[in-house]
Every structure is written in C-alpha cells, then in structure tokens.
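This is what each chain is made of:
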Amino acid sequence: MILLLGVSMVGISVAEPTSFSTAERLLVVVMIAASLGVFAWRSWPIAGNILGSKKDADFSLRPVGRRVWEFFWEVLCQSKVIRQRPLPGLAHAFVFWGFLAFALVTLNHLAVGLGHGFLQYAGAVGTFYEVFAGVWAVLVAVSIAGLFVRRFVVRPRWLGEKVSVESGVIAGLIFLLMVSYLATFFVGDKGFAVRGLWWVHTMCLLVFLPIIPRTKHLHLVLSPLTVFLKRREFSQLPKLEGDEDFGLVAGKDLTQVIALQAYSCVECGRCTEHCPAASTGKVLNPKEIVLGVRSYLNAEGPGSEVALLDGGQAALSMEAAFECTTCGACEFQCPVGVQHLPVLIGLRRGAVNTGAWEDRYGTKLFLALEKQGNSLGMSSMEREKFIAKQGFPVFDGSQEYCLWLGCMGSYDPKGREIVADFARVMQYLGTQFGVLSKEKCTGDPARRLGNDLVFGDLAEQGLKTFANAKVKKIVAICPHCVRTIATDWLEYGVAPEIEHHSEFMARHAQLLPKQEGESIVYHDPCYLGRYREVYDEPREVVAAAGTLVEAERNRERSFCCGAGGGLAFLGEESGERVSHVRATELMATGAQTIGTACPFCNSMFRDALGAVGGEHPPQLLDIAQLTARVLFKDADQEHK
Amino acid sequence: MKIVVAVKQVPERDAVVRVAADGRGLDERDVTWTMNEPDAYALEEALQLKERAGEAEVVVLCAGPERVQSTLREALAKGADRAVHVVTPESGAGSLGERDSLDVARLLAEAVKAEAADLVLTGLQSDDLGAGQTGVVMAELLGVPHATLVLQVELLGNGIKVKRELEDGWMQQVEMPLPALLTVQSGGNRLRYATLMGIKRARQKEMREVSAAAAAKRVDEVVKVSPPTRVKRTEMLTGSADEIAATLVERLRFEVKVL
Chain A
0 MILLLGVSMV
10 GISVAEPTSF
20 STAERLLVVV
30 MIAASLGVFA
40 WRSWPIAGNI
50 LGSKKDADFS
60 LRPVGRRVWE
70 FFWEVLCQSK
80 VIRQRPLPGL
90 AHAFVFWGFL
100 AFALVTLNHL
110 AVGLGHGFLQ
120 YAGAVGTFYE
130 VFAGVWAVLV
140 AVSIAGLFVR
150 RFVVRPRWLG
160 EKVSVESGVI
170 AGLIFLLMVS
180 YLATFFVGDK
190 GFAVRGLWWV
200 HTMCLLVFLP
210 IIPRTKHLHL
220 VLSPLTVFLK
230 RREFSQLPKL
240 EGDEDFGLVA
250 GKDLTQVIAL
260 QAYSCVECGR
270 CTEHCPAAST
280 GKVLNPKEIV
290 LGVRSYLNAE
300 GPGSEVALLD
310 GGQAALSMEA
320 AFECTTCGAC
330 EFQCPVGVQH
340 LPVLIGLRRG
350 AVNTGAWEDR
360 YGTKLFLALE
370 KQGNSLGMSS
380 MEREKFIAKQ
390 GFPVFDGSQE
400 YCLWLGCMGS
410 YDPKGREIVA
420 DFARVMQYLG
430 TQFGVLSKEK
440 CTGDPARRLG
450 NDLVFGDLAE
460 QGLKTFANAK
470 VKKIVAICPH
480 CVRTIATDWL
490 EYGVAPEIEH
500 HSEFMARHAQ
510 LLPKQEGESI
520 VYHDPCYLGR
530 YREVYDEPRE
540 VVAAAGTLVE
550 AERNRERSFC
560 CGAGGGLAFL
570 GEESGERVSH
580 VRATELMATG
590 AQTIGTACPF
600 CNSMFRDALG
610 AVGGEHPPQL
620 LDIAQLTARV
630 LFKDADQEHK
Chain B
0 MKIVVAVKQV
10 PERDAVVRVA
20 ADGRGLDERD
30 VTWTMNEPDA
40 YALEEALQLK
50 ERAGEAEVVV
60 LCAGPERVQS
70 TLREALAKGA
80 DRAVHVVTPE
90 SGAGSLGERD
100 SLDVARLLAE
110 AVKAEAADLV
120 LTGLQSDDLG
130 AGQTGVVMAE
140 LLGVPHATLV
150 LQVELLGNGI
160 KVKRELEDGW
170 MQQVEMPLPA
180 LLTVQSGGNR
190 LRYATLMGIK
200 RARQKEMREV
210 SAAAAAKRVD
220 EVVKVSPPTR
230 VKRTEMLTGS
240 ADEIAATLVE
250 RLRFEVKVL
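Residue numbers (numbering that gives the first Met the number 0), protein chains in the order written: chain A, 0 to 639; chain B, 0 to 258.
The reader is advised that the hints may include incorrect statements.
[Unchecked claim] As a list, the in silico DSSO-like pairs of lysine-lysine whose alpha-carbon atoms are at most 30 Å apart:
id	chain 1	residue 1	chain 2	residue 2
1	B	Lys162	A	Lys437
2	A	Lys251	B	Lys199
3	B	Lys231	A	Lys437
4	B	Lys199	A	Lys54
5	A	Lys388	B	Lys162
6	B	Lys199	B	Lys1
7	A	Lys513	A	Lys472
8	B	Lys199	A	Lys53
9	B	Lys49	A	Lys370
10	A	Lys251	B	Lys1
11	A	Lys388	A	Lys251
12	A	Lys437	A	Lys370
13	A	Lys53	A	Lys251
14	A	Lys439	B	Lys199
15	A	Lys363	B	Lys216
To be clear, the hints were calculated from the coordinates, so they are not data collected in a lab.
Assemble the whole structure, with the sequences as input and the hints as a guide.
Printed below as a string of structure tokens:
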C-alpha cells in the first residue's frame, strides 16, 4: 500500500506498449478469436443442457426487489462467502472484488493491442485508477497465493480427495495476471520489457477464458445468475405437473434451475462439511449429489429416460437419497445459490411416487399415515383419552387460538408433557384456546420422504378441518408442523395463520416471570431456525428460565438431531448416530440443562443421553417446560 | 394365469360406529371405510404371485354399493389390473344388510365364474362381521378345492403349495391343484404403500359394473347388534410382599397366561 502511494507520488505510471506492428495486431485478433472460440465451443453443450432441461413451471422472478438485494448482498458483498468461512472467504472476496476493480484495466489492456487503448493513465482520475487497481492487484495476488497454499498444502478434506490440477493452473494464471500488471509500474519505458509484460498479461487472459467452462471455474460466469435466479423459499419443492410428473425419476424431470445450479457448483464442499449424514460416516455427500446431477447431464443429456437413482452415477444412490435429514445446512451454506433440498427430496419423490423405494419402516410409516392418520400408528382413541384426561377445551370457534397437538403432542409421552406444560402457560396468560377433537398428521414425514399421495391427502383433509372448525390462529409446539402447515400446504390452499410456541411465548415475555441460576444450552431445531429463521424468540424464553449457553454450532450453523426428513421413523442409521454427535456437543458446554424447541429433537436427545450421557446427564426440557417450571415452581413443590 | 381377489369394504378401525335406530345394523352415516385387512393381504399375495410368475392378470372383485369403488380403486392403485364391481343397492331390498354370507358368496361366485379364474384369493374373515364364511362357501359354489388360514403361496409346475397356520405356532404345507380358492391370513407378507403413480394409472384401468342378483331369503336373522360391554375387575392381593409376589406370579402364569 505504502509502496503504491509512493509510486503515485513520484509519478511513476503504468507502462504500455505504444505501437504494434500489423503482424502483431493480426496475431492479437487471431488469438482473441481463438480464445473466445474455444470458450464458446466448450460452453455450448453446457448451455444446451441447461436450456434444454424442463422449464420450471412454478418459477417467477417476483419479487424482483428481493432478488436484487440478494444479488447485491451475496454476490457483490460476498456476505455468505465471508461469513461462513471467514479467512478463505475474505481471500475469495478480495480476488472477486479485485476482478471487478480490474475490469476496465483488462478491457483497456486488450484494446491497446488493437490500437484503441481508452484509459489515460495520467491526470488525477487516471492516476487514481491505476493505483487503485494496483492496490487490488496486490490484494488479489496475496489472496490467491493464500488460497493456493490452502488448497495444495493445507488441503481441507471438504475440497475432495483428488487435488484439482486446473485450480492450480487458474491460481497461477491469476497470480501472473496481477504480477504482470504490477510490474509495469517499475519497468519504466524499456520497450522490450513493456512489450513482454503486455504479452504475458494477454496470454494469461486468453488462456484463462477457455479453461472456465467444464471446470468449477464456470461459477465465475454462472453463479451470479444462479444466486439471482434461485427459488424464493428455503427447501421450496415444486408442484408436480400433469399426470406423468412424479418427481426426479430421470433426466427428463431435471429442470433448468436444477441444471443451472448443478453447473454452478464451485466444489467448495461447504455443504458436505455441514451435512450431518456426511459427517457421521454415511454414504450421502451433498456435494457429490450436485456433481452427480452435473455429470448425469453431461453423460445422458436433458430429456433422458435413464434413471437418476442407482443409474450410472455412483453418488446418486437410493441409499444416499434416503439418508438426508433435510436439515438444510447444505442449502443454507451454499455460496453460489445451489438449493440441495429440492433435488434430494425430488429424488425421493421420484422413488416413492413410483413405488421404487422399498423399505420396511418407510412402508410402515406410510401405511400408518394412510390408515391411522398419524405418524406413530396409534389409534385416534388414544388422543381423545389424552385430551379428556388433560381437560383441554375443545375448539368451538369462540377461542382465539387453536392449539395444534401434532403427532408427538397427541401420542408421544414426552410430547404430551410438552403440550400440557404449554397449555398451562397459555392458561396462566389467560389466552383462550381449544384443541381440535380430531387431528391428523400434517404430512411432514411423507412430504420429506417424497410421498406426494399421502402428503396431499393429509394436507387437503387438514385444510378442510381448519375451515370447518373456523380456525383463525394456530399455535403448535412442533416446528415441523408449523413449517408444513404454513408453507408446504400452500400447494393445496392457504391455512390459517400459524406460529410456533417459542414465538408465542416470546411475545408474552413481559408477562412471564424470570429466574436466574442454572445454565441452559439451547439447541436450534432445523425447522425452526434455518426453515423459519426463528432464532431469538426461543433464546428469550430460555434466558428467562436460567443462563443461556451457546453450543459450538448454533443458530444458522446448528447441527441436526437426526430426526428430520422422516428419518425418525426409519431404521437404524449406518455409521455414527447423528443424535449422539449433537448430544455430546451440547453436553460439552457443561450446561446443566438442554433446552429444546421441537418434540422430535427432544425425543432424539432423550435416547442419545441414555447412550452417551454418562452417569449424570444434563436435564432435557422443552422451552415450554422451562417456562412452566418457573411459573409453577411453588405450586408444584406444594403438590409434591 | 388369472387371479381373482375378492375384497370387502369395512369400517375403518377408528371409525365412529353407532348402532342403527332399528338395533339390527350399523348407522353408516359417519363411518369411514377401508379395505378389510385380511383381504389387503390376499391382494398383496396375488400381486407378489404375479410378480413371481412374470405374467398374470389380477382382477379385484367387490360387492356393495357405490362407496366400495374407493376400495376397488385402492386395489387398482396398488397394482391390480382391473376391477369388477357387483353393484347392490345402498339400502333396502337387495342391499348388503339384507344378505347373509351365503348370499354374498353367491354374488361373488357368480362373478368369478364369468372370469374363469385359475386362483381365487380372499381374506379369511372380515374385520366387521368376522363370520369367516364367504370364502369357503364360494369354493363350494365354484366346485374348487380350498385352503384356509393361508400365509404363503408357492407356484408349482401345475398346481400350488400353500403354507397354512395352525394353532399354537404350527404350520401345515399343502399341495393343491388349480383352480383353487384360498382364504388368506393377515401378516404373511408386508403390505405395499399406495403410490401417486399407482393412483394415476388406476384411473385408466377398467372398472366393470355388474348388477347383483336379487337377494335370496336369509337363512339366518340378525336379532340385535350391540357394542361390547366392558367389564373392569380389580382384585386387591393381600398378605406379605412375598405372598403377594407368589400369588401374582401364579395368576399371571395360569390365569392371564403371560408368563
């Protein structure tokens, strides 16, 4: 920096060749044409594969404002790139911003070769710009050298086992581009050196361009577009169209957005780094899923009838697809706008909607949802008995809230305790509420496992139940129910307004008593955090019941409990159990209590603590139970 | 090979079941209906036989009013090739409520005759009435051999071998010629789940309606239908802890037979 200020002060300027012979100019033109030609020739099939894929029937550019904002924030500001991996992220951002700062220099550089240089590196503006670009050149050179060291010396395993040679070549080219620019400050007007540097810089540019397609560097071209065009919602699943659409069965079902995202993947491996399945020794590797779709398109082309799952691509296996907990860490982490969940769940839809997936537990779950209407396969009489025993008022249209119990709240012993405690909190607050006399599953596990038949039936019945009961507002203890009713049901109609009990309790926080003392570590459920972006409300509730402690991975980076995506109902996991990993991490905080906000997380941790909790495992309580404990401490003690 | 599966539509397990005003049947107004479970296993066995044989036609058959078509559709969605619906009136003369097991077996046997099936499968009994008659009476009317309580069917060169469940965990293997009729027990296979593709394909499959013969005079008569009365009996055991434990073990072992 100081050096460059000095340079500008003493008036040394960028040296450019002043004239080119006709032969040289011809060579420049031929080489630019060749570079562009090879680039186009290598890009053409990719463009064909993207544009030749099925149109996204549900795609809409609106709201454009949000897309522009995300483009600004995620692409131009590199927010996600930096925030989720600060050091390499900043290095990447410097390279990216450097490219932008350099844009005019590059254009001018080539124009000089054609005898039409347009930048005047003199005067205040010219001098400022050449120095400005020079500062960026230094930052880019340092950053790319750092990234080179990371990739080839440090070698984080997320980047893959194979060393990418072309990444080294690209890094070398970028480094050389910067050095060959910076050197022009120092060569004065020695004709030979100036001309030599000009040619080195030019060759770097012209070699760089054709390398871009067919490598991960395609993200330079595609990812700004991909970020701008990504689907609006988190884990947004497209509606199945017509009688022959069953999800992602074969290449013919891959859409343009999926293809664009597959070709944009920069292979950074953030998705895999954060994937609960991949990090506990399972087959699933979300990065390889995306790359599998890419190489499928390269091999079979769009419109192909060759099966996606268990076809020619090893990464696209039935086993892998059904190991996903749909926690969404991959989709959240992706810096180039790849949305993994519609692909993973799409593959499941293709397998389940056609009956190709055969799994004892999965079949049992689907039959339970078909026949009993709840995921636990219990008789609805059991729910009625529970409601009667608790003395819950039945919703009759006069109460403000419908308290949705969900399968866990209706049938699971621990889920029932949570619901009962939350009902006590509502009663304390004087909130009028009632429960439905009949309730069926929202269809969440069927939705995530790709069973559109069962999900659709349950969604339609649920919407009808709410309409008949004239429900206006719903509150639920289960983030899966909240997400499914609020978002997934939209395919069939609009449900009444729904909120999670953490949101309800945080809104009434000033009316609830506070207590200090025990340390409580709060675990963010995926479906409340990444899916609904509710992070602060449950923390407010926890903080009122004790001292809030954070786990190593929290908020957007929270690690799954292992239950989502219907996996709570499937058989034993291969590798390490996700729930054990997370429970161990929560215990490592030394907190006396684990606070949860989802009955499925609670159930997973209950089992995990039994296995890895040691002799004195921490207490495990839902946020509703934490609040109820403070509220009714005296009453409960008297009762004892 | 042609396999006919005769199924029945019964109230769902969780259905609200009320006795009709006349006290001799069910009030069907709030009832939700489903496929009789042993029949679902019979269908599953037929579908698996078809898969094993490579080539076979599975025809699903049901007698009843309009509502039973939902159960026939379900069977088509799971993989049956076509359906035959023997249409009976909703209520009154000729309705299912007016027919006994023999009469229903006649309706079904009549439809099976028209199909000239190699194998007829049905559940061993119905979840609602549980008479266990229809299948065996059909076999008699069709003049074919039958086996009951069947768990598995194996195709031989020119006949079948079936595994039957006897009392107390005993099994019996029987070889039979074809055509034959089997009444299938629940639990021999794993049922498959219905799929979206199955439902969509089912719409294009044939559902043939045939009219039912007039009802014959019942040979039996339903006098009264009533919900089961539950008796709860509590007995307090007294004595020292050892005595109580000994009595408890004895009762559990010899009266409740759980130990």
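Hint numbers the structure violates, sorted upward?
1, 5, 10, 11, 15
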